[in-house]
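Trainee: Sequence:
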Amino acid sequence: MTTIKPVKISPQQALVLEHIRANDKVTKNSIIQNMSLNHNSASNVISILCDLGLIRKEQAPQGHFLHATDKAYKTGRATPEDYAKGFIVREPDLLLEHATTLELTQEQWDTIAANPGMPRTQLARLLKISKFDLNLAIDRIKNPKPKGK
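Taking the working numbering, the leading residue of the sequence shown gets 1, the next gets one more, and so forth.
Worth flagging that the hints you see were computed from the coordinates, not collected in a lab. There could be a bad hint or two in this list.
To be verified - Using C-beta positions, here's what the derived DEER-type ranges look like:
(1) Glu97 / Asn34: 51 to 57 Å
(2) Asn34 / Asp93: 53 to 59 Å
(3) Lys131 / Asp70: 47 to 53 Å
(4) Lys71 / Ile138: 45 to 51 Å
(5) Gln59 / Leu126: 43 to 49 Å
(6) Gln62 / Gln122: 24 to 30 Å
Remember, it's a predicted structure, so these values are computed and weren't measured experimentally. All C-beta atoms in this analysis are idealised placements derived from N, C-alpha and C, irrespective of residue type, glycine included.
Let the hints inform the model, and build the full structure from the sequences given.
Mentor: Written out as structure tokens, the structure is:
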């Protein structure tokens, strides 16, 4: 017989989960009103609980109803061991990865230097990169990382 290890959730997530278990046909708006959470916090908690399989969403004409599952959980802070054991899976942050590996060619740097007064939107089009990438590169030059980091 295999035992399923309980997932670890925060105390706030546990409170929301218990609210869903105690009430029938819970909506995100009822969580916001009854638990004094802001919209973003409620959305984040609901998303995490769905991803962990602790709740499920039921589509209805009025929106989504939330229902608790029977999956076991425990509360507490996540530790590095929880990540190592696979209790918590962290998705790679693709935007952060892109931002840290972005490199411009010398030709692109020369174009930037040759056009100091050009608006960044036009400069990005000229370089065939996004304005976000251009701003990252310029910011990295203006604010270099301290040595040793």
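Trainee: For every hint, state whether the structure bears it out.
Mentor: Verification of the supplied hints:
no.: 1; hint: Glu97 / Asn34: 51 to 57 Å; result: violated, 38 Å
no.: 2; hint: Asn34 / Asp93: 53 to 59 Å; result: violated, 32 Å
no.: 3; hint: Lys131 / Asp70: 47 to 53 Å; result: holds, 48 Å
no.: 4; hint: Lys71 / Ile138: 45 to 51 Å; result: holds, 47 Å
no.: 5; hint: Gln59 / Leu126: 43 to 49 Å; result: holds, 47 Å
no.: 6; hint: Gln62 / Gln122: 24 to 30 Å; result: violated, 47 Å
When held up to the earlier numbered hints, the structure conflicts with 1, 2, 6 and fits the remainder.
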